[in-house]
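*Asks:* Take a look at the letters that make up each chain.
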Amino acid sequence: MTEKRPKVLVVDDAATVRLYHTTLLTGAGFEVSEAANGLEAVEAALNTAFDLFVIDVNMPKMNGYTCVETLRSATVGTPAPIVMISTEDSRGDADRAYAAGANLYLVKPVDKDRLARVARMLTAGVAA
Amino acid sequence: MNPLLAQFLAEAADLLTQVDEGLLQLERDPGDPELVNEVFRAAHTFKGSSGLFDFPELTRLTHAAEDLLDAVRGGRLALDSGMTDDLLAAFDLIRGWLAHVTAHEQLPASAGADAAGLITKLRAPLGGEPAAAADATPARSGASTIDAAPDWLDQFDAEWLEETASWLVTTSATMRFVRYTPDEGCFFRAEDPLHLISQVPALAKLGLVQPAAWPPPADFDEYQCLIGFVLATRAAVGELNYLFRYVPDQIETVELDGTAIRRHLAGEAPATPVEEQMAHVAEAVAGNLELARDAYDILAAAQRSLNVDTPSGPRLAAVAHSVSAAAAALGMPVEAGEPDLESLTARVSTLLDSAPPPPEEPVAPPPPPPMAAADRGRADDPGGQVGTRILKVDQEKVDHLMELVGELNVAKNGLTFLADAAEEEFGSRVLGRRIKDQYSGLHRIAEELQAAVMDVRMLPLSVAFSRFPRLIRDLSRRLGKSVELVTEGEDTMADKDVIEALGDPLVHLVRNSLDHGIEASPADRVAAGKPAAATVTLTAVADGDAVIVEIADDGRGIDPDKVKRKAYEKGLISEEELEAMGDTDAVDLVFRPGFSTADQVSDLSGRGVGMDAVRASVEKLGGTVTMRSQLGRGTSTRLRLPLSMAVTQVMVISVAGQRFGIPVDLVVETVRVHAAEIGRVLHQEVVVLRDEVVPVVDLARALDMPWTPDPAADRAILIVSLHGQRVGLLVEQFHREVDVILKPMEGLLAYADEFSGTALLGDGLVLLVLNMKEVLNLAARAQ
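Chains as they are written, first to last, in this note's numbering: chain A, 183 to 310; chain B, 45 to 827.
A few of these clues could be false.
Lysine-lysine pairs mimicking DSSO-like chemistry, simulated, CA-CA at most 30 angstroms apart [claimed, not checked]:
#1 B/LYS817 / B/LYS614
#2 B/LYS436 / A/LYS189
#3 B/LYS165 / B/LYS480
#4 B/LYS817 / A/LYS243
#5 A/LYS290 / B/LYS165
#6 B/LYS574 / B/LYS540
#7 B/LYS540 / B/LYS441
#8 A/LYS243 / A/LYS290
#9 B/LYS436 / B/LYS165
#10 B/LYS441 / B/LYS817
#11 B/LYS480 / B/LYS664
#12 A/LYS290 / B/LYS436
Chain B residues, not near chain A, derived (Cβ > 10 angstroms throughout) [said to hold, decoys possible]:
#13 PHE52
#14 ALA133
#15 ARG289
#16 GLU334
#17 ALA339
#18 SER349
#19 SER368
#20 ALA373
#21 GLN439
#22 GLN693
#23 VAL725
#24 ILE785
#25 GLU790
FYI, nobody ran anything at the bench for these hints, they're computed from the structure.
None of the values given here were measured: they were computed from a predicted structure.
For each residue, glycine too, the CB sits at the ideal point set by N, CA and C.
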């Protein structure tokens with residue numbers, strides 16, 4: 183039985199957080215790839231059409247906002263939903279994320295069930 | 045240990061090193077914004093990862109440190125050395141905690157108390173602990189709500205429950221209780237309930253759930269799993285969910301505090317949590333409370349996106365996509381297609397109006413609903429290893445592999461003896477040659493295998509150097525000296541055993557440099573025409589099979605006359621030696637046991653270890669130490685160590701019919717001279733080689749073995765170099781060089797100092813390997 187699993191890119195500079203997100207999203211039926219910073223994420227997105235992005239805000243090399251802007255720019259131009267995850271729980275940061283092109287802003291630590299649910303909801307059309 | 049925690053510990057070690065190094069650099073260069081940013085980011089990443097675990101004290105302490113760093117980053121505070129001290133202390137404490145976590149998978153019991161003082165200190169420059177912020181972080185990780193006590197709690201021993209309840213009440217902690225009911229047919233799906241249970245971290249209590257009635261023996265099916273487990277643990281929910289990720293439908297988890305347990309013990313009905321009541325209502329409305337809330341959040345985010353900016357292109361498409369997804373989840377699907385900005389905005393507000401906001405955050409998720417996709421995960425989940433390319437291996441496994449390689453080498457060497465035997469004993473030269481051919485093939489593979497295993501064990505010297513920035517900072521402050529550390533060649537690789545063993549001698553040498561080598565005060569240095577700040581340089585370079593580590597300072601250097609006088613006063617050298625000794629030899633006197641140049645034993649290096657101990661420990665590794673010094677210019681100490689300690693190359697020689705090994709590193713050359721060429725100066729036999737007089741030691745006599753050389757035959761002399769001195773060893777015969785795994789002498793034999801160990805040769809012979817330094821001492825005594 184081969185079934186098309188939605189592709190998600192997990193972007194975080196902390197390997198522990200990546201492992202956590204990867205494990206739970208894999209468990210939720212996703213095909214997960216990882217990137218350790220914004221640059222890697224952009225590079226990955228140029229090569230693969232992802233169905234969803236889960237992106238950390240505070241990263242070296244290229245931070246989360248710039249990463250999202252680049253993903254939405256003409257260079258990449260992905261229309262896939264983007265979930266941003268941050269430790270900062272402030273309205274201003276959330277607005278910055280939305281202005282950059284994110285579709286949901288979650289504050290760490292994110293409940294694992296919630297992330298899985300949201301991810302599945304946002305990719306519902308793909309998994310069918 | 046679960047992989048997530050293992051990953052965290054490994055990553056934490058790197059991050060903490062980054063923080064430490066950054067802080068030290070920052071102290072020197074406080075204005076560097078990029079540096080502040082790096083330190084902050086490392087601390088921030090560390091805090092983010094620590095939040096995945098139930099280590100509230102850890103998160104709280106890191107949070108305080110991060111806030112301070114954030115203030116520095118934002119220019120609201122200038123970092124002073126007091127703050128640096130507090131920050132370093134905080135990360136030291138954290139490092140200690142993590143060592144505890146590595147061993148016990150939980151923080152030490154004293155963590156809260158240990159952290160309290162530091163948190164206050166860290167927050168002081170920020171105007172004290174903000175009342176709200178103080179609790180905000182721990183509250184988040186501890187925000188898990190108390191569930192209703194399930195009836196299966198009766199499976200636990202009542203007395204234990206009572207005890208646990210009182211403990212939980214006093215500490216206001218909670219405990220997670222899990223019931224695991226494996227499927228009857230779980231064995232056929234390769235599930236191993238017992239193994240899973242054994243993996244539960246921080247297990248406090250385990251109980252077995254048996255069926256009410258066991259089937260009669262005749263019907264008993266041993267392939268059916270009829271039992272279950274109940275367990276209590278302090279592990280975080282995340283850890284438990286991770287552990288049981290393949291069997292979520294067989295797991296029930298509740299989190300209880302002391303009060304809930306007591307209420308259960310008293311037989312009271314659990315207070316129906318508010319959220320549960322609301323959940324029922326919400327279920328009636330939207331089918332699923334969480335789904336409704338998530339969908340609502342997504343819609344709210346979409347509205348916000350449309351308000352903050354005017355999205356177009358891919359951004360607009362993404363917003364449209366998320367709106368349709370949320371609408372579908374709410375059971376209010378919208379027609380597909382790309383809407384324009386206006387109709388999308390209208391659609392979002394309609395949806396938000398018709399889907400009233402479900403209760404906000406405080407609604408805690410009830411026990412995690414089984415993830416629908418988890419079953420699928422069992423079949424094709426690659427174990428969450430996506431993207432991981434580095435394999436973490438237990439040191440012991442690598443060590444074991446190395447031992448096996450050693451044994452393979454010994455077995456391989458046996459083939460050459462077999463080839464000789466085939467030729468000499470069985471007279472088959474052809475067979476002998478074939479065996480030798482076979483040997484060379486095997487030899488090549490064994491060598492490659494050995495190189496591959498050694499490569500795994502290689503670590504960069506930076507591992508050994510990393511502690512010095514901190515050490516030098518602390519020491520120079522204590523001594524009131526100003527010292528710069530320069531490190532070079534940190535990327536040079538050496539075997540992990542060498543790196544580990546190098547630590548203590550290096551620390552001692554660096555301490556010595558700071559304590560004795562560098563002038564007492566910056567003013568003294570300026571007076572001597574040097575820069576006020578002294579420089580200590582740590583250099584590592586690879587040199588063939590060896591690595592050379594040099595510690596150099598630009599201090600006052602060693603005064604050879606003072607050293608000689610001191611040695612004479614201490615009775616280490618005679619009056620004639622005092623007169624005749626050159627400067628180089630004089631400097632070497634500091635390595636003599638019982639020598640210490642400091643007039644008074646100082647707090648720093650006077651810890652009962654002298655330079656003699658440094659030399660002894662380096663020589664034990666098969667290395668050498670030499671020191672050069674120029675009065676007024678500085679001192680440099682050079683350690684030469686084998687790249688790997690696992691395999692030693694020895695030269696086999698024989699004396700009085702017995703074979704011995706001598707480390708090849710020491711061997712300079714082999715010479716044969718006529719018996720008449722051996723002369724005598726006073727009591728010492730000598731030989732003149734290329735105009736140099738080399739003392740000759742009769743190895744047989746030194747080892748007290750009777751042997752009379754044939755007076756007519758040439759003499760075989762092995763020239764070795766020890767501490768820069770050449771010595772000739774009179775031996776009976778030279779043999780080949782071999783690679784051996786040296787095993788130290790054990791038990792009573794450990795006192796036989798003249799041997800550094802034994803090695804097994806391919807023909808089964810045990811080879812004694814000589815400790816040249818002790819052998820020469822013996823020889824000196826025998827004369």
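*Asks:* All hints, please: hold or fail.
*Replies:* How the hints compare with the structure:
1. The straight-line distance between the Cα atoms of B/LYS817 and B/LYS614 is roughly 22 angstroms, inside the 30 angstroms bound, and the hint therefore holds.
2. Restraint check: the Cα-Cα separation between B/LYS436 and A/LYS189 comes to about 27 angstroms, which is no more than 30 angstroms; the hinted pair holds.
3. In summary, the hint linking B/LYS165 to B/LYS480 is not supported, as the alpha carbons are separated by about 72 angstroms, beyond the 30 angstroms threshold.
4. Of the supplied pair hints, the one linking B/LYS817 and A/LYS243 is violated, its CA atoms being roughly 55 angstroms apart against a limit of 30 angstroms.
5. Of the pairs offered as hints, the one joining A/LYS290 and B/LYS165 holds, with about 26 angstroms between alpha carbons and a cut-off of 30 angstroms not exceeded.
6. Straight-line distance between C-alpha atoms of B/LYS574 and B/LYS540 comes to about 38 angstroms, which puts the hinted pair past the 30 angstroms bound.
7. As the CA atoms of B/LYS540 and B/LYS441 are separated by approximately 14 angstroms, the hinted pair is consistent with the 30 angstroms bound.
8. Annotation: proposed proximity of A/LYS243 to A/LYS290 holds, straight-line Cα distance about 21 angstroms (limit 30 angstroms).
9. Straight-line distance between C-alpha atoms of B/LYS436 and B/LYS165 comes to about 38 angstroms, which puts the hinted pair past the 30 angstroms bound.
10. Taken as a hint, the B/LYS441 and B/LYS817 pair is broken in the structure, with Cα atoms around 34 angstroms apart against an allowance of 30 angstroms.
11. The straight-line distance between the Cα atoms of B/LYS480 and B/LYS664 is roughly 35 angstroms, outside the 30 angstroms bound, and the hint therefore fails.
12. About 27 angstroms separates the Cα atoms of A/LYS290 and B/LYS436, which keeps this hinted pair within 30 angstroms; it holds.
13. Not every CB of chain A lies more than 10 angstroms from the CB of B/PHE52, the least distance being 4 angstroms, so the non-interface label is violated.
14. Remark: the non-interface label on B/ALA133 is consistent with the geometry, its nearest Cβ contact in chain A lying 24 angstroms away (cut-off 10 angstroms).
15. Not every CB of chain A is more than 10 angstroms from the CB of B/ARG289 (nearest about 5 angstroms), against its label as outside the interface.
16. Interface exclusion of B/GLU334 from chain A breaks down, the closest Cβ pair being 6 angstroms apart, not more than 10 angstroms.
17. With a cut of 10 angstroms on Cβ distances, B/ALA339 falls inside the contact zone with chain A, its closest approach being about 7 angstroms.
18. Residue placement check: B/SER349 does not keep its beta carbon more than 10 angstroms from all beta carbons of chain A (closest about 4 angstroms).
19. For B/SER368, the condition that its CB be more than 10 angstroms from all CB atoms of chain A is violated, with the nearest at approximately 8 angstroms.
20. For B/ALA373, the condition that its CB be more than 10 angstroms from all CB atoms of chain A is violated, with the nearest at approximately 5 angstroms.
21. For B/GLN439, the condition that its CB be more than 10 angstroms from all CB atoms of chain A holds, with the nearest at approximately 21 angstroms.
22. Its beta-carbon lying about 40 angstroms from the closest one in chain A, B/GLN693 satisfies the requirement of being farther than 10 angstroms from that chain.
23. Consistency note on B/VAL725: stated as away from chain A, and its beta-carbon is indeed over 10 angstroms from all of that chain's, at 67 angstroms minimum.
24. The Cβ of B/ILE785 sits about 36 angstroms from the closest Cβ of chain A, beyond the 10 angstroms cut-off, so the non-interface label holds.
25. Even its closest Cβ contact with chain A, about 43 angstroms, leaves B/GLU790 beyond 10 angstroms, as expected for a residue assigned away from the interface.
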